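Protein sequence lines, in the order shown, are assigned to chains A and B. Sequential numbering of the first sequence, starting at 1, is according to the working numbering. Sequential numbering of the second sequence, starting at 143, is according to the working numbering.
To be clear, the hints were calculated from the coordinates, so they are not data collected in a lab. If a hint is listed, it holds; no wrong ones were tucked in.
Straight line, CA to CA, 20 angstroms or less: simulated EDC-like cross-link-like pairs of lysine to aspartate or glutamate: (1) A:K134 / A:E68; (2) B:K233 / A:E101; (3) B:K233 / B:D213; (4) B:K262 / A:E103.
The structure displayed is predicted, hence computed values, not measured ones.
Each chain, letter by letter, is given below.
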Amino acid sequence: MKNQMRLEFDSISANEAFARVAAAAFMTQMNPSMEEVADVKTAVSEAVTNAIIHGYGGGVHKIILTGEIEDDWLMLTVEDQGVGIADIKKAMEPLYTSRPELERSGMGFLFMEAFMDEIRVESEPGKGTRVFMKKRIGCQEA
Amino acid sequence: MREDRKKRNRRSRQGAGTAAAAGGQNAAMALENGTLLIRVPEELDHHSAAQISAQADEMIRRQDVREVVFDFSGTMFCDSSGIGMLMGRYKIMQALGGSVRAVKVQDRVERILLLSGVMKVIPVERV
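All chains, full assembly: derive it from the sequences and hints.
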């Protein structure tokens with residue numbers, strides 16, 4: 001099975017729910033468990049929230065969510081053209097946050113890693129950030 | 143017939159008003175004997191967490207709040223922004239000599255709370 005989708009939306013916090021529900025709807029054709037859907041929703045929510053808060057710093061610009069299904073693999077990307085990340089390794093450290101004043105827990109990447117099988121971040125300061133996430137669907141123990 | 147339409151219009155306007163009010167106040171809050179009870183919405187993300195935190199902090203600033211209780215009975219989704227909300231209120235209440243609890247937590251939310259380590263500092267009761 002092969003399928004692709006691409007969505008572009010404004011970086012406003014109301015779209016966090018829109019993005020994760022869209023990703024959940026896209027993956028329904030893979031016959032996922034409720035747990036798998038919840039995992040993907042959490043990961044997408046984290047990536048989109050990062051783009052809104054950190055990528056664009058609250059400004060309203062565009063976020064692109066893409067999805068791809070290939071057999072039992074679900075691949076998602078969340079992309080912004082915001083400030084970018086200078087030190088990706090540091091940004092992905094648990095509890096690290098570049099905006100402590102905003103009450104961020106520093107667990108966004110931790111949750112993405114915990115709930116997806118693979119995550120990769122590409123970023124360049126001043127250019128933007130792209131988060132790739134991959135998850136195998138339908139292979140969990142009951 | 144005109145009368146009917148007027149009634150219908152009024153009803154739909156009232157409906158819209160209620161929906162707008164609900165959107166503006168996602169978390170139902172009640173203060174009783176120093177305990178601020180906050181009903182967490184169905185989906186706790188950055189969007190809803192920011193609203194709840196602002197409302198809760200306003201209450202804590204103005205009233206005599208000694209304990210904050212988050213009721214998660216209706217919450218099916220929570221991400222790291224929810225953790226930030228809990229930890230933020232925990233820090234404020236600790237500075238004031240008060241406390242924070244989470245109650246009626248369902249499986250999915252419990253998994254998130256467990257993974258975050260927040261349960262080491264905030265008491266969590268399952269549903």
